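Colleague: Chain by chain, the residues run as shown.
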Amino acid sequence: MREGDAPTSLLVEYLAAVRHAPGHESAAWVAAGAPVAAIARHASAGGDLAAMPRRRWPTRGLRALWYGAVGFLFGFVVLHPIAMVIFRWLDPRLAPTMGDHGAGSLLSPILHAFRPEMTAMGLVFGLFSAAIALIEGHYRGRLALQRDQLVQQAALLREKNEQLMRLEQANRRHTRFMVHDFKGHLAVIGGFAEVLLRKKTLTQEPAEVEALTRIQRQTQRMAGAVMDLLEVARLERSPALRREQTSPRTLLETAAADVALPAHLGKVEVGSLHLDCPVVTVDTRLIERVLVNLGSNALKHNRRGTRVVLDAHPTPEPGEIAFTCTDNGRGLSNVALATLFEKFGTTHSTEHEDSTGLGLAFCKKAVEAHGGRIWCESSEGQGARFIFTIPLEPKGASNVDN
Amino acid sequence: MSTTNQRILVVDDEPDFVAYLKTILEEDGFRVTVAFDGEEALSCVRELPPDLVTLDIDMPRKTGVLFYRQMKSEPRLRAIPVIVVTGLRQANEYAGPFVERFFEVGRLPLPEAYLDKPVGRDELLSVVREKLAVTEAAAAS
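Sequence order for the protein chains is A and B.
Residue numbers for the first sequence follow the numbering used here, so the first one is 3 and each next one is one higher.
Residue numbers for the second sequence follow the numbering used here, so the first one is 1300 and each next one is one higher.
Among the hints, a few may not be true.
DSS-like, lysine-lysine: derived pairs with alpha carbons at most 25 Å apart [said to hold, decoys possible]:
{"no.": "1", "chain 1": "B", "residue 1": "K1430", "chain 2": "B", "residue 2": "K1321"}
{"no.": "2", "chain 1": "B", "residue 1": "K1321", "chain 2": "A", "residue 2": "K201"}
{"no.": "3", "chain 1": "B", "residue 1": "K1416", "chain 2": "B", "residue 2": "K1430"}
{"no.": "4", "chain 1": "A", "residue 1": "K185", "chain 2": "B", "residue 2": "K1416"}
{"no.": "5", "chain 1": "A", "residue 1": "K202", "chain 2": "B", "residue 2": "K1321"}
{"no.": "6", "chain 1": "B", "residue 1": "K1371", "chain 2": "B", "residue 2": "K1361"}
{"no.": "7", "chain 1": "A", "residue 1": "K185", "chain 2": "A", "residue 2": "K302"}
{"no.": "8", "chain 1": "B", "residue 1": "K1361", "chain 2": "B", "residue 2": "K1416"}
{"no.": "9", "chain 1": "B", "residue 1": "K1361", "chain 2": "B", "residue 2": "K1321"}
{"no.": "10", "chain 1": "B", "residue 1": "K1371", "chain 2": "B", "residue 2": "K1416"}
{"no.": "11", "chain 1": "B", "residue 1": "K1371", "chain 2": "B", "residue 2": "K1430"}
{"no.": "12", "chain 1": "B", "residue 1": "K1321", "chain 2": "B", "residue 2": "K1416"}
{"no.": "13", "chain 1": "A", "residue 1": "K201", "chain 2": "B", "residue 2": "K1416"}
{"no.": "14", "chain 1": "B", "residue 1": "K1321", "chain 2": "A", "residue 2": "K185"}
{"no.": "15", "chain 1": "B", "residue 1": "K1321", "chain 2": "B", "residue 2": "K1371"}
{"no.": "16", "chain 1": "A", "residue 1": "K269", "chain 2": "A", "residue 2": "K302"}
{"no.": "17", "chain 1": "B", "residue 1": "K1361", "chain 2": "A", "residue 2": "K185"}
Listing some non-contacts, in silico: residues in chain B with all C-beta distances to chain A over 12 Å [to be verified]:
{"no.": "18", "residue": "N1304"}
{"no.": "19", "residue": "V1317"}
{"no.": "20", "residue": "E1338"}
{"no.": "21", "residue": "C1343"}
{"no.": "22", "residue": "D1350"}
{"no.": "23", "residue": "K1361"}
{"no.": "24", "residue": "V1364"}
{"no.": "25", "residue": "R1377"}
{"no.": "26", "residue": "G1419"}
{"no.": "27", "residue": "S1425"}
{"no.": "28", "residue": "R1428"}
{"no.": "29", "residue": "A1436"}
{"no.": "30", "residue": "A1437"}
Residues on chain B that point at chain A, a partial pick, calculated with CB under 7 Å [claimed, not checked]:
{"no.": "31", "residue": "Q1305"}
{"no.": "32", "residue": "D1315"}
{"no.": "33", "residue": "F1316"}
{"no.": "34", "residue": "P1417"}
Think of the hints as simulated: they come from the structure by calculation, not from any bench.
From a predicted model like this one, the values you see are computed outputs, not experimental measurements.
Note that beta-carbon positions come from the ideal geometry of N, C-alpha and C, so glycine has one too.
Starting from the given sequences, assemble the full structure and let the hints guide the process.
Modeller: Now the structure itself:
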């Protein structure tokens, strides 16, 4: 919660201000009865808090004395005469004793209250009122103390919140650069594997070639995951793309031949509908990666030997084409469909869980950055089809020069 | 492949990456010298001007940008094409334009090409050949 609701943040400001006002105890200030809203208003208006009117009570005794005195005076001077007026009104027979011989005069019962013989009655009222004032003062003091604690806690909370946010930011930055370094290291590993695989003397050693191929494939998969991570973070910050013109066919064929696909689990084929599709202007790296992700998801979450078909076709709506990734596997439940594209939201229903769930979140981000949509059509036991659309006219995010 | 006698200077502070680029380029018939920081690269270039330089930006002692400025301000070395090979442009979206702006300061020619790390073999070779062909054509005319 960054903003905090207004009153709380005002209070926090107030507290921050009084904390730095030398020799000031905010509790005493609030205890003196300054309403919190008034303090907050004063603080938010940029007023000097030290200059705000306040009453200080050096001791609790003095405060009690003040409250008692004011209460007593109020009881004697205000409550007592009012009570006389009410008594007279309730019982007209009292009128003569109050010296009221005319009818309905308000003044006579009031004057009656201040006659010497009524002093005892006045004292009763005064003491009664003083008691109430003292109780009120006591609770007001306690309330002020609690209010002050609350304000302190709010400030502490905000401080912690800010600290957490800074940590989170630093963490993200570090992660980004670390992951970015990983990419460089992986590229060197993969690159040398490729260099070695090209050596002619090696081709006579099938075991070594296989080992190198495995190194290369694993490196590619890891590099792919690293790229997902980086791209999701980047697209979250700003959905800028490096668009170039390409045919759906190139995209599909490159994706289907990607070495990062778990080819041992099944086959990824390219369908034939894409031949009707026009050229698209997309961030090729991203869209290829989306297709690879969808393909390898389909292989990973189904039984061995699943057939996966990547294809594209023009949609009924003009101006966009749809890419599809269809498998004949076990399909997805409605529950799984609902949370499919959330970050790290794997469905935990597969036998060999080895994905972080970031892949689909990446797909969603990448497709949406192109101004398209992605969804999944599936019913349990009948395979799944992932579909995403790409507008032919680039829209949504602005282009970056490559 | 083609056996040219063209000399390429690879500048990067990561020895493994230097070795990787060196291997790829040597396999393709280029003669490769390497330098691990800007100072070293500058003395290399002055001693024996290469036909092309691949340059990393983020290096200790002297950054790629400083090296680039000094190299391009010497008339004798100005014509040597430079390919900037960096991971910085992708580290975040702000770094990209930032990196490129670095090179735009002063009245110096811009680098001939940018390549983003990780750089693939074919990508690197095609860019290197293309830039070498351009300078050769310029020298011939």
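Colleague: Closest CB-CB distance from K1361 of chain B to chain A, is it above 12 Å?
Modeller: holds (20 Å)
Colleague: Can we trust that C1343 of chain B is non-interface, i.e. its beta-carbon lies farther than 12 Å from all of chain A?
Modeller: holds (22 Å)
Colleague: Tell me if the interface restraint on F1316 of chain B is satisfied: Cβ within less than 7 Å of some Cβ in chain A.
Modeller: holds (6 Å)
Colleague: Take a quick look at whether K185 of chain A and K1416 of chain B sit within 25 Å of each other, Cα to Cα.
Modeller: holds (8 Å)
Colleague: Take a quick look at S1425 of chain B and tell me if its Cβ sits farther than 12 Å from every Cβ on chain A, holds or violated.
Modeller: Nearest chain A Cβ is 15 Å from S1425 of chain B, so the label holds.
Colleague: Taking 12 Å as the cut and beta carbons as the points, is R1428 of chain B off the interface with chain A?
Modeller: holds (18 Å)
Colleague: Just to be careful: measuring from the Cβ of Q1305 of chain B to every Cβ in chain A, is the smallest value less than 7 Å?
Modeller: Constraint on Q1305 of chain B not satisfied, violated at 20 Å.
Colleague: Would you check the hint for K269 of chain A and K302 of chain A, treating anything up to 25 Å between C-alpha atoms as holding?
Modeller: Cα-Cα ~11 Å, so holds.
Colleague: At 12 Å, judged by beta carbons, does V1364 of chain B keep clear of chain A as stated?
Modeller: holds (19 Å)
Colleague: Given the hinted pair K1321 of chain B and K201 of chain A, is their alpha-carbon gap at most 25 Å?
Modeller: Holds, at about 15 Å.
Colleague: Are all beta-carbon distances from A1436 of chain B to chain A longer than 12 Å?
Modeller: holds (24 Å)
Colleague: At 12 Å, judged by beta carbons, does G1419 of chain B keep clear of chain A as stated?
Modeller: violated (8 Å)
Consistency note: the structure conflicts with the earlier hints numbered 19, 26, 31.
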